[in-house]
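Residue numbers (the numbering used here), protein chains in the order written: chain A, 129 to 338; chain B, 9 to 519.
Simulated from the structure, these hints should not be mistaken for lab results. Every residue, glycine too, gets a C-beta built ideally from N, C-alpha and C. Treat the hints with caution; some may be incorrect.
[Said to hold, decoys possible] Output of the computed footprint for chain A on chain B, the stretches with three or more beta carbons under 8 Å from beta carbons of chain A:
no. : stretch
1   : 160-171
2   : 209-217
3   : 244-254
4   : 411-424
5   : 488-500
[As the list claims (entries may be wrong)] Quick list of in silico lysine to any residue cross-link-like pairs, SDA-like style, CA-CA up to 20 Å:
no. : chain 1 : residue 1 : chain 2 : residue 2
6   : B       : LYS108    : B       : LEU120
7   : A       : LYS300    : B       : GLU181
8   : A       : LYS271    : B       : ASP174
9   : A       : LYS140    : B       : GLY488
10  : A       : LYS260    : B       : TYR170
11  : A       : LYS140    : B       : SER143
12  : A       : LYS220    : A       : GLN233
13  : B       : LYS118    : B       : ARG240
14  : A       : LYS140    : A       : PHE223
What follows is each chain in one-letter form.
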Amino acid sequence: MVMNYFQPLVEKYFYINIIPETKIFGLPDYFYFYAVIILFVVAFLVLAVFAKVRPSWLFLKGVGPSWFLIILLFFWVLTSLPWFITQLTWLKSDFAVFFRQNLVQKQGLMVKKIIQSHFLPSNWFDFYDFLKFGENNVPNDSKVYLLPASPLFINWAKYWLYPNLRLVDSSKNADYIFSFNVDLPSTIFGFESFVQFAPNKVVLKRVNSR
Amino acid sequence: MIYNFLLLFFSFLFPTVLGAGILYFIRYNRQSFQSSFIQYLIVSFALGFGLITFLMFWWGILSLPAYYFMFLIAFLVIILLVFFVFIALKKYRQNLTTAKFLLFLKIGFKQLSSLSFFEWFLILIIIFEIIFVFSEAGLRPITAFAFDALATWAWKAKVCFYQFQDFFSPSSEFFLSAGGHQNYPLHLPLSMAWIYFWLGRVDDVAVNFIFAFYFLGLLGLAYSNLRSCAGRRISLIFTAFLATMPLFAYHGFQAYADLSLTFYFTLAVILIFQYIRRFCLFGGDSENKLVVPGLIIGLMTWVKNEGLMLAGVIFISFLLSIFVDGLLKKVGSLKRNQVFKSFLSGEIPKKRRFGQLGIFILSFALVFLPWLIFKICHHLSYSNLTNDQKMEFFRVFHPETFSAVLNQIFLSHSFHLWPGIFIILLFIGLIAGGKKMFGLEARSQDGQGIIFLILTVLGVIVAYSLLYVFTLSYQFALDGTIVSRNFLVLAPLSIFLAGIVFPNANGRDKK
Numbered sequence: 129m130v131m132n133y134f135q136p137l138v139e140k141y142f143y144i145n146i147i148p149e150t151k152i153f154g155l156p157d158y159f160y161f162y163a164v165i166i167l168f169v170v171a172f173l174v175l176a177v178f179a180k181v182r183p184s185w186l187f188l189k190g191v192g193p194s195w196f197l198i199i200l201l202f203f204w205v206l207t208s209l210p211w212f213i214t215q216l217t218w219l220k221s222d223f224a225v226f227f228r229q230n231l232v233q234k235q236g237l238m239v240k241k242i243i244q245s246h247f248l249p250s251n252w253f254d255f256y257d258f259l260k261f262g263e264n265n266v267p268n269d270s271k272v273y274l275l276p277a278s279p280l281f282i283n284w285a286k287y288w289l290y291p292n293l294r295l296v297d298s299s300k301n302a303d304y305i306f307s308f309n310v311d312l313p314s315t316i317f318g319f320e321s322f323v324q325f326a327p328n329k330v331v332l333k334r335v336n337s338r
Numbered sequence: 009m010i011y012n013f014l015l016l017f018f019s020f021l022f023p024t025v026l027g028a029g030i031l032y033f034i035r036y037n038r039q040s041f042q043s044s045f046i047q048y049l050i051v052s053f054a055l056g057f058g059l060i061t062f063l064m065f066w067w068g069i070l071s072l073p074a075y076y077f078m079f080l081i082a083f084l085v086i087i088l089l090v091f092f093v094f095i096a097l098k099k100y101r102q103n104l105t106t107a108k109f110l111l112f113l114k115i116g117f118k119q120l121s122s123l124s125f126f127e128w129f130l131i132l133i134i135i136f137e138i139i140f141v142f143s144e145a146g147l148r149p150i151t152a153f154a155f156d157a158l159a160t161w162a163w164k165a166k167v168c169f170y171q172f173q174d175f176f177s178p179s180s181e182f183f184l185s186a187g188g189h190q191n192y193p194l195h196l197p198l199s200m201a202w203i204y205f206w207l208g209r210v211d212d213v214a215v216n217f218i219f220a221f222y223f224l225g226l227l228g229l230a231y232s233n234l235r236s237c238a239g240r241r242i243s244l245i246f247t248a249f250l251a252t253m254p255l256f257a258y259h260g261f262q263a264y265a266d267l268s269l270t271f272y273f274t275l276a277v278i279l280i281f282q283y284i285r286r287f288c289l290f291g292g293d294s295e296n297k298l299v300v301p302g303l304i305i306g307l308m309t310w311v312k313n314e315g316l317m318l319a320g321v322i323f324i325s326f327l328l329s330i331f332v333d334g335l336l337k338k339v340g341s342l343k344r345n346q347v348f349k350s351f352l353s354g355e356i357p358k359k360r361r362f363g364q365l366g367i368f369i370l371s372f373a374l375v376f377l378p379w380l381i382f383k384i385c386h387h388l389s390y391s392n393l394t395n396d397q398k399m400e401f402f403r404v405f406h407p408e409t410f411s412a413v414l415n416q417i418f419l420s421h422s423f424h425l426w427p428g429i430f431i432i433l434l435f436i437g438l439i440a441g442g443k444k445m446f447g448l449e450a451r452s453q454d455g456q457g458i459i460f461l462i463l464t465v466l467g468v469i470v471a472y473s474l475l476y477v478f479t480l481s482y483q484f485a486l487d488g489t490i491v492s493r494n495f496l497v498l499a500p501l502s503i504f505l506a507g508i509v510f511p512n513a514n515g516r517d518k519k
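Work out the full structure: start from the sequences and follow the hints.
The following block contains the structure:
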């Protein structure tokens, strides 16, 4: 019962655009608010029509504006409790993960956290470590092509490899291929295995590259 | 650790001092901001940070090395600091005594002890949100859960830091960091780069504090302005509404431009509101008091492409509020075709009205035009689709976006229950205080300002609706990408508007 009330949201990367409603006892939080507002309006109308009471009198002299505002705030806080719990959960988890970590560690942990939120298997969690491994093993200013070529991974690699390495959008222009969890054929034309980070996580080098 | 913290502190302090210097030289003092030191600080920060990025842009297109810029700004700010210390010593040496300082502390303590349990409760909620935002800003690297934060803003900032001259060179492959969103304004990446230059390295965590300060600044702006029109309890209630708005707090530690735009937009509108309230449209000692709002509106266009549209909304609302003002003054005796004449006549000389309007528009153009000309020269569009796709209105018609937009505003958790509450409170406020706003005899200056605020809110809603229904942006409205973020600009303003129209805002609970 209590857990139904305080059900925190699990953070997703797209929360930046919109935050979905929290559920209270299985119903969206706004349901309770709009239900009460409709009841209020109906009650006002009933009083105005049948008891000949002016709604403005009821509001200004009866309940009083300040009290009306306090009632609204009470509702606001009550329906915000799941959100507050969500905030506390995020704070607790972020303190546990990021506190006293340096920048590089934080970036790696954040990537892990985002990959977890995409429900990818655990062998994807070390993508950031793989990038850093590749960066350390490849000469500066090399051109690198990344596999898998999905926008999220490409943007991460482009950002973190810069300024030491340059990400290119085709293997034709690349000196190296960073292949992360991609089943490659035994030979790739023009490239040979260079260093291995873990099984299925390898850096390939162009055969004629220096 | 302490050294880094100090550098970060200076990276925020220096723009603020620069902003205060500008305010000083254009004769803006604390009295110009309703004697509120908080507002003076916020405007200094906004103006200083905006101007730093504006000057960085000029420095970049002149192909000068970045470290000269840092040296020049540091030199300028140190001179300003010495000057301010000298002024302060001269002003307060005679007046500042231990007795007065103790009295000041005593008044502060008395204010605190007079807070009721309910007010303490509200303050604790606000403090909790501030702690949440600043903690998250300090813990998470910029990658967080926001995709574009890294792919667009942080990427540009990083390139700007490592290859400052290439970043501004059209022949470079790193020109405005090339690739997607090359046409996006530069305020945010340059702000981040400014902090990187101070720290001497790219720090994805430190730059989050820019957004946390925008969050804090908006809370301060809302509270201090509400406090000048309403009682302490009501001001705290509305500030608590704002602080606990989920999307608003979430953007306080995510490197997206929407909170920056919200900050500059809200600041511009509130400064114009104060101007109308204080000088009753061009009256009194109002010379040059539209310069700062003009500059801030100009800076909006450097934050996001939508800033230009919002600037248009503010100007139109301002002109319409003059028109409505004239209309209400003359409505009893004026024929329809004479309505416009009311703007030209009246007790304020025509020269003064047009002079002030001219200064207002000029200060906006001074900041905005360089960016516009730069965009035209490099064929950068205002579209958010692709670089070369123009923003064309009325080529498509998608009325189905209306229901999607309403759904995202009223039935999501982005603003919690605020859109519904806002409509109810505005409705109640307009019924209870209609005379104050629209009455012919009892109209107050607050009323004139409120008309301007209402027109601005309506203008923003209409502008975004046109964008969603008549342009290719409809797809982003339907898939939930932009609606909540776009309407974030209205969150603090609607809080302020609801707070000042609320009945009895000036009444019994004023402390």
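field: Three-residue Cβ test at 8 Å for the coverage of the stretch 209-217 of chain B by chain A
entry: Three-residue rule met by the stretch 209-217 of chain B, so holds; n is 3.
task: Verify the proposed pairing of A/LYS260 with B/TYR170, using a straight-line Cα cut of 20 Å.
output: 19 Å, holds
field: Given hint A/GLN233 paired with A/LYS220 - CA-CA distance at most 20 Å
entry: 18 Å, holds
query: Within 20 Å, alpha carbon to alpha carbon, are B/LYS118 and B/ARG240?
result: It holds: about 14 Å lies between the C-alpha atoms, which stays within 20 Å.
- request: Examine the stretch 244-254 of chain B: at least three residues should have C-beta closer than 8 Å to a C-beta of chain A.
  value: holds (count 5)
message: Is the coverage entry for the stretch 160-171 of chain B by chain A consistent with the three-residue Cβ rule at 8 Å?
response: holds (count 6)
query: If you draw a straight line from the CA of A/LYS300 to the CA of B/GLU181, is it 20 Å or shorter?
result: 19 Å, holds
message: Run the distance test for A/LYS140 versus B/SER143: straight-line Cα separation, threshold 20 Å.
response: 19 Å, holds
Residues of the stretch 411-424 of chain B with Cβ under 8 Å from chain A, three needed, outcome: It holds, with 7 qualifying residues against the three required.
task: Quickly compare the C-alpha distance for B/LYS108 and B/LEU120 to 20 Å and report which way the hint goes.
output: 18 Å, holds
A/LYS271 paired with B/ASP174 [C-alpha distance capped at 20 Å]: 19 Å, holds
message: Given the hinted pair A/LYS140 and A/PHE223, is their Cα-Cα distance within 20 Å?
response: 18 Å, holds
Checked against the numbered hints given earlier, the structure satisfies every one of them.
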